[in-house]
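Q: Residues per chain are reported as follows:
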Amino acid sequence: MNLPSIEISSRLITLLATLMLMLQLLLVVQRMLISNIRLFALQSLLLAVIAAVVAYVYGAWHVLFVAVLTLLGKVIFLPWLLQRLVRRIKIEEEIHPFLGMPASMLICGALTVLSYVVARPFTSLARLGNNTLPVALALLLTGLFLMINRRKAITQVLALLTTENGMMLAAIALTTYGMPLVVEIGIFFDVVVAVMVLGILVFRIRESFDSMDVSKLNELKG
Amino acid sequence: MLLTSILLIPLVVALLCLVARQRILLTALNISGFAIGLVLGLKLFRTVLAREGAAVTEWGEFLRADALSAWMVLLISVVSLATALYAVSYFRRDLAAGEVTAPRVREFYVLTPLFAAGMLLVVLANNLGVMWAAVEITALSSVLLVALYNHTTSLEAAWKYIMLGSVGLVLALFGTIFAYAAAVGPSAGMALPSFNWSRLLEMAPQLDQKLVKLSFIFVLVGYGTKAGLAPMHTWLPDAHSEAPSPTSAMLSGVSLKIAVYALLRFHILSAACLGGEFSQHLLLGFGLCSMALAGPFILTQKNLKRMLAYSSLEHVGLICAAIGVNAPLTVLGALLHMGYHALTKPVLFFAAGNVQQHYHTLDFRRIGGGLAHSMPATALVLGVGAVAVSGLPPFGLFVSELTILAGGFASGNAWVSGVMLASLLLVFCGVLIKLARLILGPARAAAPPREPVAAGRTVAMSLPLAALLLFSLWVPGSLLQLLELAANIIRRTP
Amino acid sequence: MNPDPLAVLAQTVLLIVLAPLLSGLIKNWKAKLQNRRGARIWQPYLDFVKYLRKDMVISEHASWIFRVAPWVIFLTALVAGLMVPLVTAQAPLGLFGGALAVVGVLALGRFFMALGGLDPATTFGGMGSSREMTIAALAEPAMMLAIFTVATMAGSTNLGQIVLAEQEPGWKFLDAPHALAFAAMFIVLLAETGRIPVDNPSTHLELTMIHEAMALEYSGRSLAFVEWGAAIKQLVLMALLANLFFPLGLAPGVTLASFGAGLAFLAAKLLVLAGAVVLVEFTNSKLRLFRVPDLLSAAFMLGTLALVSTFLFR
Amino acid sequence: MNFSPEVFLSLSLWGYALGAGGGLLLLRRERLGNLLCFGVAAFSALNGLLAALLFLAGGAGAATPGFELFPAPLPYVHISVRLDPLSAFFLLLVSLLTLAIGIYSLGYARGYFGRKNVGVLGALFNALVLATTLLVTADNIWLFLIGWELMALAAYCLVSFEHEKAETRQAGVLFFIMSHIDAVCIIIGFLLLYQAAGDYGFGSLHAIGARMTPGRRDSAFLLFLVGFGIKAGVVPLHIWLPAAHPVAPSNVSAFMSGVVIKTGIYGLARVTFDFLGAPPLWWGVTVLTVGTISAVLGVLYALMEHDLKRLLAYHSIENIGIILMGLGAALIFLHTGHPLLATLALVAGLYHTINHAVFKGLLFLGAGAVLHATHTRNMEEMGGLISRMPQTALFFLIGAVAISALPPLNGFVSEWLTYQALLQGFGTTDSLMRLIFPLSGAMLALTSALAAACFVKAFGITFLAQPRSERAAQAHEAAPTMLVGMGLLAGACIALGLFPVLFVRLLDPLTQQLTGQQVSGQLSAAHGLVLTSLTERSGTVSTLGLSLLGLCLLPIPFALSWVFGRGTRVRVGPTWDCGQRTLTPRMEYTATGFSKSIRMVFKALFRPHREVQREYDFSPYFAKTLRFDSHVEEVFEQQIYRPVRVMILRASRRVRALQAGSIHAYLLYIFGTLVLLLLLLAT
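Protein chains in written order, with this note's numbering: chain S, 95 to 316; chain D, 191 to 684; chain Z, 11 to 324; chain C, 178 to 860.
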């Protein structure tokens with residue numbers, strides 16, 4: 095493991111992280127549900143690549159295992175599950191989110207700036223790629239904003255998963271060898287089960303409410 | 191083997207219930223499982239006392255139980271046993287009334303032990319990551335419990351519960367990672383630094399201060415959402431009022447306190463690393479905010495179970511604020527308050543369950559009043575429970591609240607006790623007005639016929655109340671010693 | 011200074027004999043002022059004896075209170091009289107009660123008279139009791155302020171002590187506090203004894219009578235004692251007013267000679283006071299009931315001024 | 178077993194607990210339950226009375242050591258009671274009332290057989306008395322507060338015992354909210370004291386005021402004044418009293434009016450005289466002014482009532498005002514350094530406390546008997562009860578004479594002492610402040626005269642003349658046990674009135690503890706026959722002497738009527754009715770009519786509303802039906818309490834909008850909190 099490969103890998107990771115952020119912003123803009131799911135799959139793929147690079151550079155085989163898990167779970171299984179759900183419920187398009195395109199872009203920009211400001215004191219810490227922490231925070235904040243802005247249940251689930259991607263990125267970036275394997279597996283299974291439970295609920299909501307518009311769920315007041 | 195057996199019993203019960211068919215078998219499994227859990231809990235309580243507060247560890251420090259977690263294990267097992275006892279008659283009536291189908295009841299009997307197991311894992315896990323996963327398990331199992339009935343409102347409550355819960359948990363995970371990252375810095379030379387709380391506590395002074403602050407903020411917002419602290423509490427009234435009564439008893443009685451327990455672990459860490467002020471002020475602020483917010487909602491409340499949910503919001507706020515004040519008396523009072531509240535709140539939800547089954551509504555206006563005439567036993571239990579939850583003398587909550595207030599005065603921040611007393615007064619007035627109108631008054635013509643006296647159900651319902659009265663009048667010395675040990679852990683005094 | 015029976019007996023006889031004479035005198039003088047000849051001065055004696063001889067008719071609705079009330083009125087007036095220094099500075103029963111006790115005992119009499127008025131289920135009785143109690147309630151604070159003024163100046167509420175304190179050499183007669191207090195007490199006297207500006211003693215017009223309305227249902231013996239009690243009460247109040255503000259001729263000790271001189275002085279003072287009352291009755295007409303509170307609040311203001319002046323002007 | 182006061186006290190406390198438990202067990206069997214509950218209550222009251230008398234008569238200045246009743250649930254929470262002169266005096270008061278009410282209730286509760294559960298009534302009554310006795314003899318802050326809240330809880334359950342009527346429920350809720358507000362004030366006050374003392378025991382709190390900063394001491398005093406003022410029913414905080422007392426069962430309202438509001442006085446006395454040390458001037462002046470205002474307004478509002486029990490409730494406010502006048506004057510004298518005068522004022526206040534407890538208890542029991550017989554509280558429907566209920570009428574008359582402060586009964590004696598204290602107070606200072614004494618004296622005179630007017634109305638309209646309704650006509654005399662209960666209190670009224678010197682000697686240890694002076698020597702003259710105000714010269718009164726004198730003079734009118742009217746006969750005939758056929762009850766004076774003149778005089782305060790609706794067929798001169806409605810505006814309720822309630826509810830509804838149901842809003846709250854905290858951290 096010679097010096098230049100670390101140099102190259104950190105620059106590569108920075109590039110991939112920035113790409114992930116770009117995908118996130120695209121997600122905010124995109125209206126079609128199916129393309130949203132594909133964008134999420136792409137973002138998870140990038141995350142898997144980053145994990146692979148870290149594993150290669152530090153020879154930490156368990157991070158590689160995480161990369162493979164991410165690849166199987168988040169790139170293949172979950173998007174397939176969501177697409178099947180979308181086709182069965184036959185709703186294609188997000189009608190009109192709360193905030194229009196320009197406003198949401200502006201807010202995402204502001205949130206990214208905020209995450210850079212918050213992450214500034216920790217630059218000394220990051221070893222691999224100097225912007226992975228701010229990107230992780232940005233992914234978290236924009237993901238939350240996306241959840242608030244969208245009406246469709248599926249999009250909210252997707253937004254939740256992007257924040258989860260941000261969290262995995264932070265885990266890899268901040269800790270040189272990643273977290274202990276037990277924790278990784280625990281987290282991964284929880285995410286998968288969470289999505290399955292969400293799927294069950296979405297299906298039941300679809301049965302009793304004829305639409306997937308979450309803003310209709312406001313009977314419980316006070 | 192003690193800790194693992196405490197964890198395994200509910201899991202085994204859950205698996206068996208998957209297989210079992212008849213309802214009698216399911217109830218027997220559940221009740222016996224939780225009874226054994228309680229016995230083991232008491233055994234753990236005695237062993238921790240015998241070891242003078244040194245932690246009981248198994249699987250190489252993977253499972254760890256110190257005085258605080260022993261107290262939590264006791265609360266979980268007591269509440270789940272009470273719930274299981276009450277659920278017997280509750281679901282018999284629901285099945286008879288066709289409110290719920292047999293498979294759904296079986297789903298309840300599978301998920302409840304899973305829910306209890308999740309909570310036990312949270313308090314016994316030493317590894318912060320595993321603790322997070324355990325909280326996730328409790329969240330997932332309780333979501334399906336909330337969505338047990340197929341009404342649109344319970345689906346809505348479940349959806350909000352899972353979405354807000356997941357957001358909270360993602361933030362909590364962020365906080366956990368930052369805490370872990372703070373440990374990576376100083377232990378660069380060593381291999382993977384252990385994620386165990388006990389090890390992190392030993393290394394606390396060397397941790398990276400800025401990262402620990404960031405981690406506490408994320409954990410506070412994350413686990414605060416699960417604990418129902420003020421601005422993040424919005425899911426609490428929906429989930430607790432739409433879930434079946436046994437589940438809302440467990441949710442309100444103890445699952446809020448599990449999230450507070452998780453928050454406390456990080457509070458102890460950040461206090462060890464940064465010195466108490468930072469996390470104490472935050473806890474105090476959020477606690478007082480929750481207490482202040484509960485009042486107005488109860489004063490204008492229209493639904494009985496939502497009112498009880500807001501009352502839980504207020505009590506959790508009181509516990510957090512008391513720990514935020516961090517005086518010796520207030521922390522002891524907070525722990526005592528957790529115990530008494532865990533015994534009181536389930537009784538109220540059981541009574542509310544009876545009212546719901548009898549009147550098929552929980553809306554004060556539609557029930558109208560005269561509960562004392564149509565449901566004498568439930569009205570009595572509801573009345574006595576309300577007296578207890580409002581912190582009136584014969585019951586222990588008065589003693590714990592006054593201990594907290596006295597602690598606040600003794601440690602010099604009298605204004606905190608003043609704000610607490612004001613919000614307690616507001617909530618008392620709200621609860622009194624609503625329940626007086628509900629229980630008292632002449633028998634209503636429109637009310638359904640008088641409730642047949644079900645001796646079994648009344649006993650099951652008022653068992654925790656009898657325990658509360660017993661422990662209000664006589665707090666055993668050993669229990670007090672355990673609470674002092676737990677208080678020392680929280681305040682980090684040897 | 012425990013009470014000796016001789017003085018008590020003498021004062022009782024004096025009270026019983028003098029009272030009707032005084033009210034007869036007042037009626038006679040008022041008649042003369044209205045250039046009428048008016049009844050003889052000793053007419054009240056004849057009236058009382060006539061009442062005593064007549065049979066008594068008691069209402070079917072009345073209870074034992076109606077029968078007991080006249081006795082209570084008569085006795086309370088006598089007891090109050092025995093506590094007021096008539097002839098000697100030390101009232102025979104000064105030990106048993108001072109100014110406050112006199113007010114209290116008279117109030118007890120009034121209480122039973124009002125109940126007596128309500129008992130026979132007649133509207134007039136109720137109206138009389140209601141008005142009597144209202145006026146008494148408004149008069150009492152003014153009377154209390156006057157008594158307070160005099161008592162604080164003398165340092166005691168015991169009437170004997172007050173009179174003795176006033177007889178000391180350095181005592182200015184009608185200095186500001188005493189004058190104001192006297193004025194307040196005079197108005198209260200008119201209210202308590204039911205004189206013209208407040209109540210018309212000689213009328214039977216149901217809209218205006220107050221004292222008379224309560225005594226409407228009484229007949230025979232009861233009427234005698236009610237009227238006699240009222241007369242004694244009038245004498246007691248006038249004597250209180252006279253001796254408290256003009257303590258001339260009140261001998262400290264109790265000897266036969268001082269008794270005679272005291273009596274003469276008392277008679278003179280009572281005549282002057284009766285003249286004043288007659289003058290007021292003659293010049294004024296009866297006030298409307300809801301104007302009486304203004305008169306009594308004027309008395310209250312006089313009392314307050316008297317009190318303030320005790321330490322402001324000195 | 179030596180018969181020391183502690184033995185009797187613990188016997189009495191455990192007796193009440195047994196009564197409460199027994200009542201709950203015998204829910205099914207009414208007759209036995211009634212007998213057991215109230216019998217045990219009366220017996221325990223007897224024990225309590227013995228304990229108090231033994232302690233006070235023993236003249237033991239020092240307090241008996243506190244003893245634990247019940248093992249402490251927590252190390253710092255001790256359930257320990259202690260007898261010191263102040264608590265012994267109030268124990269005497271509580272036990273005396275409970276004895277009389279216990280006996281009375283044996284007969285009164287029979288009215289509830291079949292209708293309501295008498296076992297519950299008995300159990301709750303025992304619990305209420307137990308809580309009050311614990312409160313009065315508590316030895317530390319914990320037991321005091323536990324007793325205080327238990328008393329409020331038991332009283333609430335008893336007030337809403339007949340909860341079928343909406344009026345009862347509202348009154349109960351209002352009572353409980355106000356009691357909880359005063360509990361909050363007292364808790365903060367006591368915690369301020371605990372903060373200075375560091376210990377909960379009353380022993381360590383003695384004269385703690387000296388060690389507190391003036392600011393904290395004054396705020397503690399104000400909190401206690403408000404807290405105990407609400408419970409005592411001082412004017413601006415009194416609205417719950419006329420609502421709660423009338424709706425409660427009569428034996429309970431007698432106990433509440435006689436004893437429960439006195440716990441406010443006990444608290445105030447314990448805190449101001451025992452704990453807070455030397456009072457500044459403005460404390461005394463505030464208490465005196467508040468007392469005067471409560472006295473005057475209390476009696477004025479009482480006059481306007483035609484509901485018998487509401488009238489008595491307002492009178493409780495008036496008498497509490499008189500008691501506070503005594504205590505306020507005592508505080509002022511303590512400040513100006515006149516301990517003897519302070520003791521006189523304190524004796525006057527405490528003497529009136531027990532007097533009021535006795536005659537108000539008697540009046541409420543009488544009203545209960547009347548209510549029991551006529552099933553109505555409205556005086557306009559009563560009348561002529563003196564012939565149907567002779568003993569009750571006599572006892573009610575004794576109570577009425579006592580409360581109107583007429584000699585020779587006890588009301589006169591305590592008001593005489595208060596007058597003497599106020600009078601001599603006028604001479605103590607030279608500042609303009611001394612004017613407050615005679616003015617409050619004049620207001621006291623106005624109050625007692627108005628009280629006399631009010632009770633002429635109450636007694637006259639209720640008992641005299643013809644019955645105004647069918648129910649009043651069929652009234653029957655109360656049960657013998659009820660008469661015994663009332664007789665006991667009437668006897669106490671007479672005894673307290675005729676033998677004040679004896680009772681003042683009982684107060685010696687108390688004044689020794691609170692102001693360090695013993696005045697029973699100065700207060701009695703002529704070997705105990707005459708009551709003086711500190712010096713014989715400054716004023717004496719002897720109620721015994723006056724009554725004996727009255728009896729001696731009795732033969733004079735007999736002699737006169739024998740001499741002149743020997744042969745006269747007494748005939749019973751119809752009342753004079755101006756020549757009409759017969760006098761119907763509708764022609765009698767009514768309670769509203771009786772108080773009309775006073776309503777006109779004090780129009781500015783009452784703002785009376787009068788409404789007459791006439792229905793006629795063809796000519797306006799021949800009305801078919803006539804509806805007359807007149808009521809007095811509840812000033813405090815309308816101007817202070819209703820706006821506050823409306824404001825709170827409106828604010829709560831606005832806060833309720835936070836939970837509007839949209840998940841996006843909820844997510845925004847979490848997101849907002851996170852962003853806010855991050856910004857906070859970044860700066």
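Derived by calculation from the structure, the hints in this document are not laboratory data.
Where hints are given, some of them may not hold.
[Said to hold, decoys possible] Stretches of chain D that chain S covers, calculated by requiring three or more beta carbons in the stretch to come under 8 Å of a beta carbon on chain S: (1) 314 to 327; (2) 333 to 346; (3) 362 to 368; (4) 494 to 500.
[Stated by the list, open to error] Pulled from the structure, derived: some chain D residues nowhere near chain S, Cβ distances all over 10 Å: (5) Lys233; (6) Ala240; (7) Leu330; (8) Trp387; (9) Leu401; (10) Leu404; (11) Gly602; (12) Ala604; (13) Leu615; (14) Ser668; (15) Leu670.
[To be verified] Below are the DSS-like pairs computed for lysine-lysine, each with C-alpha atoms no more than 25 Å apart in a straight line: (16) D:Lys624 with C:Lys342; (17) D:Lys492 with C:Lys293; (18) S:Lys315 with S:Lys184.
Virtual Cβ for every residue (Gly too), placed ideally from N, Cα, C.
Q: All the hints need checking, so say for each whether the structure fits it.
A: The hints, checked one at a time:
Coverage of the segment 314 to 327 of chain D by chain S holds in this model, with 7 residues showing a Cβ closer than 8 Å to a Cβ of that chain against a need of three. Residues of the segment 333 to 346 of chain D lying with their CB closer than 8 Å to a CB of chain S number 8, which satisfies the three-residue condition for coverage. Coverage of the segment 362 to 368 of chain D by chain S holds. Counting CB-CB distances below 8 Å, 4 residues qualify, and the rule asks for three or more. Remark: the segment 494 to 500 of chain D is not confirmed as covered by chain S, as 1 of its residues place a Cβ nearer than 8 Å to a Cβ of that chain, below the required three.
Consistency note on D:Lys233: stated as away from chain S, and its beta-carbon is indeed over 10 Å from all of that chain's, at 27 Å minimum. Against chain S, the non-interface label of D:Ala240 holds: every CB pair exceeds 10 Å, the least being about 30 Å. The Cβ of D:Leu330 does not lie farther than 10 Å from every Cβ of chain S; its closest approach is about 5 Å, which violates its non-interface assignment. Non-interface status of D:Trp387 relative to chain S is upheld: no Cβ of that chain comes within 10 Å, the nearest being about 13 Å off.
In this structure D:Leu401 is not separated from chain S by more than 10 Å, as the shortest Cβ-Cβ distance comes to only about 7 Å. A Cβ of chain S approaches the Cβ of D:Leu404 within 10 Å, the least distance being about 7 Å, so the stated non-interface status is violated. Residue-level check passed: D:Gly602 sits 34 Å from the nearest beta carbon of chain S, beyond 10 Å. The Cβ of D:Ala604 lies farther than 10 Å from every Cβ of chain S, with a closest approach of about 34 Å, so its non-interface assignment holds.
Here D:Leu615 stays apart from chain S, with its beta-carbon at least about 21 Å from theirs, past the 10 Å limit. The claim that D:Ser668 lies off the interface holds: its Cβ sits roughly 35 Å from the closest Cβ of chain S, which is beyond the 10 Å cut-off. No Cβ of chain S comes within 10 Å of the Cβ of D:Leu670; the nearest lies about 36 Å off, and the non-interface call holds. Between the alpha carbons of D:Lys624 and C:Lys342 the distance comes to roughly 17 Å, so the proposed pair stays at or under 25 Å and holds.
The hinted pair formed by D:Lys492 and C:Lys293 fails the criterion: a straight-line CA distance of about 30 Å is larger than 25 Å. Under the criterion of a C-alpha separation no larger than 25 Å, the hint pairing S:Lys315 with S:Lys184 is inconsistent with the structure, at around 30 Å.
The earlier numbered hints that this structure contradicts are 4, 7, 9, 10, 17, 18.
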